[in-house]
Every structure is written in structure tokens, then in C-alpha cells.
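Asks: One letter stands for each residue in the lines below.
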Amino acid sequence: MNKLFDLRFVIGLFFVVVGVLLLGYTLLGGENSGTTINRWTSGVFLVFGMVMIVFARNKKE
Amino acid sequence: MNLGAIDYSIIVIYFLFVIGIGFLLKKRVKSGNDFLMSNRNIPLWITSLAFISANLGAQEVLGMAANGAKYGMYTAHFYWLGAAFAMVFLGIYMMPFYYGSKARSVPEYLKLRFDEKTRTFNALTFAAMTVFSSGISLYALAMLLQVILGWDFDVSVWLAAGIVMVYTYLGGLTSAVYNEVLQFFLIVLGIAPLIIIGMDQAGGWEGIVNNVDNAKLHLWKGMDNAANNPMGVDAFSLVFGLGFVLAFGYWCTDFLVVQRAMISKNLNDARRTPIIAAVPKILMPAIVILPGIIILALQNQFTGFDLPKNANGDTDYNMTLPLLLQKLYPSGILGVGITALIASFMSGMAGNVTAFNTIWTYDIYETHIRKGASQKHYLNVGRATTVIGILISVATAYVARGYNSIMDLLQLVFGFVNAPLFATFFLGMFWKRSTGHGAFWGLIAGTGAATLVHGLTVAEGKGGWIAKVHEYHSGMGQAFNIACFAFIACFIVTILVSMVTRPKAKNDLIGLVYSLTPKQKDPDKAWYKNPLWLGLIVLFITIILNIIFY
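Residue numbers (our numbering), protein chains in the order written: chain A, 1 to 61; chain B, 62 to 611.
Any given hint might turn out to be false.
Pairwise CB distance ranges, derived in the manner of DEER restraints [as the list claims (entries may be wrong)]:
(1) A/Thr36 with B/Ile598: 32 to 42 Å
(2) B/Val270 with A/Arg57: 42 to 52 Å
(3) A/Thr36 with B/Gln436: 51 to 61 Å
(4) A/Arg57 with B/Gly572: 58 to 68 Å
(5) B/Gly264 with A/Thr36: 16 to 26 Å
(6) A/Val44 with B/Ile430: 42 to 52 Å
(7) B/His438 with A/Thr36: 53 to 63 Å
(8) A/Trp40 with B/Lys88: 32 to 42 Å
(9) B/Gly374 with A/Val44: 36 to 46 Å
(10) A/Val44 with B/Ala445: 38 to 48 Å
(11) A/Thr36 with B/Gln362: 12 to 22 Å
(12) A/Val44 with B/Arg101: 31 to 41 Å
No wet-lab data here; the hints were simulated from the structure.
Note that CB positions come from ideal geometry on N, CA and C, so glycine has one too.
Please work from the sequences and hints to get the whole structure.
Replies: What follows is the structure in C-alpha cells.
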């Protein structure tokens with residue numbers, strides 16, 4: 001529960017959720033959805049989100 | 062602009078997260094100090110990003126892209142001449158007095174340094190300014206959503222106001238600050254792809270150089286005369302008016318941003334907050350100004366990038382960013398871009414509301430209505446003030462819809478009040494002889510001088526309501542000069558009145574005035590913990606940027 005209060009975890013979770021949504025859209029949303037910019041953005045969001053979550057997990061208590 | 066299900070999903074997820082942050086923080090808020098001051102317990106990286114994000118509202122994101130299209134690289138002066146130097150000055154010289162004096166707000170510092178009437182004057186004008194600014198932000202958001210997405214004005218106003226109310230009511234300042242940090246990352250990561258696609262389509266920097274008027278790609282060329290540059294300003298009014306008076310007045314005295322540094326854990330963090338925030342600030346032109354320059358290059362190479370006209374038949378530069386989003390973003394990332402825009406509006410609104418409830422509760426309610434009540438009582442007052450502040454914002458948004466000129470007038474009046482404020486703080490902190498009477502009458506004189514100059518000069522059809530004595534090349538030039546006159550009037554009158562009135566005893570000014578306060582020395586601190594070294598690095602980078610884009 002304490003992790004939920006860590007802002008890095010909240011920000012990380014937000015970008016992971018949006019990244020997964022964008023990735024799912026590019027993979028499953030038909031021909032027009034798989035544009036390069038959507039794929040790259042989803043990748044960047046996933047990496048950024050996961051880095052923030054790792055920072056939150058490794059914080060000094 | 063048509064949004065798909067994926068775009069709406071991203072907007073809904075964002076709304077859920079910002080409200081969720083409010084609910085998560087609700088249990089932590091037990092007193093007025095928790096709600097209004099975050100109990101001075103926020104880590105440095107959060108205060109730094111919140112410091113810059115509180116300023117990253119609609120005027121910044123939409124307005125600077127618009128200025129980028131209108132004035133080109135000259136717009137970067139707001140960052141590389143104005144903000145950077147002022148933020149470093151705040152961190153090194155002024156923050157020790159704000160934080161060290163234990164004042165809970167900027168007006169409270171004025172009470173400690175001068176007297177009650179100066180504090181009340183500043184608190185009342187600032188409270189009115191913040192709550193009306195919040196309403197103007199709300200109005201602009203609803204109009205934008207109506208124009209580009211076809212959303213209903215009423216739904217947009219109440220939805221945005223309702224979401225901001227929920228998370229600020231539940232978690233107070235901490236919730237607003239946490240959301241500002243989320244909004245910062247969303248705005249940067251949501252708009253950065255637009256720059257990449259835009260630059261690619263425009264043919265890179267070479268394409269921009271070949272397709273944009275060369276006069277709009279420099280910072281200092283043509284500054285010898287106001288007629289020789291797109292901004293219509295001369296070097297003196299730019300350096301003194303923008304770089305000194307307006308920039309220092311905003312960044313060093315506006316409680317909306319200073320509050321983010323004042324909630325740091327300790328004095329060193331409070332001093333480093335604006336300096337660390339200056340690093341992303343000086344890089345921000347790449348996100349907020351470059352879109353305006355990119356659209357100029359695209360207009361020269363492709364059709365469909367012409368900006369629409371407003372009701373007066375003038376080019377509507379405020380549509381620069383929305384038009385680029387519409388033209389360059391496919392569904393998916395479009396939802397991210399629109400969410401980033403909404404986030405910027407909500408960030409600006411929440412910043413204003415949290416500053417308003419602190420000023421109202423501490424500087425007006427506690428001072429003039431009910432002293433010495435319990436922390437629980439002030440918590441309830443703070444929460445009630447949040448609701449009232451947002452309801453006034455909603456009312457302001459509707460007034461603005463019906464009488465747009467009234468909003469222009471209000472912003473103008475607030476500008477007049479703010480312009481001389483830095484002179485008051487500057488003399489208060491660095492001249493021990495300045496008195497409360499001097500400060501009060503200096504502020505009145507500065508505001509009067511600003512009003513008088515506006516009444517006697519004209520620019521772009523505005524001003525000159527007393528007589529047309531002089532015409533400026535641009536509204537920007539007029540604004541910078543009004544600030545110069547307001548500062549000088551406040552400065553001179555404060556000195557003159559102070560000379561004939563009794564100053565406070567020296568013992569009462571320790572910790573409030575530079576020459577009477579023991580200097581802090583941190584020789585053992587590493588460079589990255591030393592505000593002076595960090596400030597010098599920021600200024601070095603800023604100067605390099607000025608040279609590169611000369």
C-alpha cells in the first residue's frame with residue numbers, strides 16, 4: 001500500500017497503462033492504426049513507465 | 062477533429078488517475094498545514110517539477126506556440142533572458158528570506174518585513190487575480206474543446222472544474238503538486254512526438270531555415286530598433302522590461318510558483334528548487350515554441366497548414382498547436398496530445414486554486430476574520446475555499462463567454478498590479494531603511510504609473526484612452542514599457558516615502574533583510590547540492606543558447 005503513495009509508481013503506472021493501450025491498438029486495431037509514431041510512442045511510454053516503477057520499488061524506506 | 066475510441070480511452074484513463082491521486086492522498090491530510098502547505102515535506106525532485114509545471118498552463122502551451130508562429134525565436138527571450146536569470150536569483154538570494162522567515166505565503170513575508178496593510182493589499186489583489194485567472198483558463202479550455210472537438214461548452218466547463226475540485230478538495234496542495242508532476246511528463250512526452258514528426262515533414266532544421274523568414278530565427282538581430290524585429294521591441298525595453306521587471310516580478314514574487322519551493326523539506330532544497338526547475342525551463346522552447354516555427358515552414362511547403370481567422374479577421378495564432386495535432390497526429394497518439402492539452406489547462410487551474418485557498422485562509426481569514434482557531438478549523442476553511450474558488454472560476458468562465466472584453470480588462474488591471482511588485486520586494490530584501498508606508502505607497506504609485514502609461518500610449522489598437530501621446534510597434538513593446546514605468550515609479554516612491562517615515566528596528570529585520578541576516582556557508586556541500594554552483598551552470602548554458610541563436 002505504501003508504494004501506492006509513491007508518485008513515481010503512480011506516474012509509472014499511468015504511462016505503462018497508456019503504453020499498453022497504444023501498443024494493443026497498433027497490433028489489433030487494423031491497418032490504419034499501426035502507424036510508426038504510435039508504435040514508437042507506446043514503446044517510449046512503456047520504457048519510461050517501467051523505469052519509474054523500478055525507481056519507486058527501489059526507494060529507501 | 063474526430064477522436065476515436067482509443068483517444069477517448071486515454072482521456073478517461075488520465076481523468077481516473079488524477080482523481081485517484083486525490084483519493085490516495087486524502088488520508089494524509091489531517092490539518093490546515095497538511096492541506097495548504099503540504100506540511101513542508103515534499104521531496105526536491107517533485108517541488109522542482111511542480112515549480113515549472115505550475116507555470117505550464119494554457120497560456121504557456123498554447124500561447125507560446127502562438128508566439129512562436131507570430132514572433133519566431135524571439136519568443137525564447139521569455140526563457141533565455143527572463144525565466145532563467147530570475148529563477149536563479151530567486152534560489153540564491155530570495156528563497157532564504159521566504160523560507161527562512163517561516164512565512165507561509167508571499168504576502169505573509171510582506172507582513173513580517175513591512176506591515177499589515179501592505180500584506181493585505183498584496184493578498185487581496187493576488188487572491189482576485191488567481192481565481193479570475195483560473196476562470197479564464199477554464200473558459201479557454203472549454204472554447205478549445207468546443208472548437209476543435211465539438212464538445213458542449215457547459216459539459217467541458219463543469220467536467221474540468223469538477224475533476225480539479227475533486228482532487229484539490231481531497232488532497233489539497235500535495236494532490237495539486239503530484240498532479241502537476243504527472244501533467245509535466247504528459248505534456249512533454251505527449252507533445253515531443255509532434256516536434257519529431259513536424260521537423261521530419263518540414264525537412265529538418267535545414268528545411269526550417271530555407272522556408273521560414275530569417276528574421277524569425279534569431280534572438281538578438283534587429284534589436285537596435287523596434288521596427289527591425291518581428292516582436293516590435295527595442296533592446297532596452299526587452300532587457301529591462303521583460304528580462305528584469307516582468308520576469309523577476311513573476312518568478313520571484315508570484316506565490317503561485319514560489320509556493321512550490323516553500324513546501325520543500327529544508328532550506329537547501331527550497332533554494333535548489335527554482336534552480337533545478339530552470340534546467341527543464343530553458344529546454345522548454347523545444348516543446349512549446351518550436352511548433353510555432355515548424356508550422357511556418359510547413360505553410361511554405363504544403364497546403365492545409367494555414368491558420369484560421371478569428372472573429373476580427375486577424376490570424377488566430379492560438380490555433381497553431383491544435384492545428385498541428387489535427388494534421389500530424391493519427392488516432393492513438395492524438396488522444397495523448399489532446400490529453401496533454403487538457404492537462405495543461407487543468408494544471409494552470411489547480412495551481413491558481415491552491416494558491417488562492419492558501420492566501421485566503423492564512424492572509425485574509427486567519428488575519429482578519431478568525432485568529433487562533435484549531436488546525437482542523439483551518440483545514441475545513443481551506444476545503445470550503447477550494448469549492449468557492451472553483452465555483453467563482455466557473456462563473457468567471459461564463460462571464461468571459463458573454464463579455465470577452467471584460468476579461469481582457471481584468472487581465473490588464475492585474476498586470477498593472479503585478480508590474481511594480483518586484484520593486485517592493487527588491488527594496489524590502491536589500492534596503493533595510495525601506496518602510497511599510499514606503500512599500501504601500503510605492504505599490505499604489507507603480508500601479509498608477511502603469512495605468513497612466515497605458516492610457517497615454519497605443520499599440521495594435523489598444524490603450525490610448527486618455528490621449529494618444531505615443532504609439533508602440535507592438536502590444537508586446539507596450540507591455541514591456543508599461544512594466545518599466547511601473548517599476549521605476551514604485552522604486553522611487555518607495556524610497557522617497559521611506560526616507561520620511563520610521564523604519565522597523567534592526568532586530569525585527571534579522572532574517573528578512575540581506576544585510577542584517579547571517580550568511581549561510583556550505584563549503585562542504587558537493588557542487589550538485591550547492592545552489593550557487595548549480596545557478597552558475599544554468600546561467601552558463603543559458604548564455605551559450607543565446608550565443609548559438611544570436
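Asks: Please go over all the hints and tell whether each is borne out by the structure.
Replies: Outcome of the hint check:
1. Checked against the hint of 32 to 42 Å, the C-beta distance between threonine 36 of chain A and isoleucine 598 of chain B comes to roughly 37 Å, which is consistent with it.
2. Look at valine 270 of chain B against arginine 57 of chain A: about 46 Å separates their beta carbons, and that is inside 42 to 52 Å.
3. The given range of 51 to 61 Å is respected by threonine 36 of chain A and glutamine 436 of chain B, whose C-beta atoms sit roughly 55 Å from each other.
4. A hinted range of 58 to 68 Å is violated for the C-beta pair arginine 57 of chain A and glycine 572 of chain B, which are about 41 Å apart.
5. As the Cβ distance of glycine 264 of chain B to threonine 36 of chain A is approximately 18 Å, the hint placing it in 16 to 26 Å holds.
6. Here the CB-CB span from valine 44 of chain A to isoleucine 430 of chain B is close to 51 Å, well matched to the stated 42 to 52 Å.
7. Between histidine 438 of chain B and threonine 36 of chain A the C-beta distance comes to about 57 Å, which sits within the given range of 53 to 63 Å.
8. Between tryptophan 40 of chain A and lysine 88 of chain B the beta carbon distance is about 39 Å. The supplied range of 32 to 42 Å therefore holds.
9. Separation of glycine 374 of chain B from valine 44 of chain A is about 41 Å and conforms to the stated range, judged on CB atoms against 36 to 46 Å.
10. Between valine 44 of chain A and alanine 445 of chain B, the C-beta spacing of about 42 Å keeps the proposed range 38 to 48 Å intact.
11. Between threonine 36 of chain A and glutamine 362 of chain B the Cβ separation comes to about 21 Å, which falls inside the hinted range of 12 to 22 Å.
12. For the pair valine 44 of chain A and arginine 101 of chain B, the beta carbons lie near 35 Å from each other, so the given range of 31 to 41 Å is met.
Consistency with the previously given hints fails for number 4 only.
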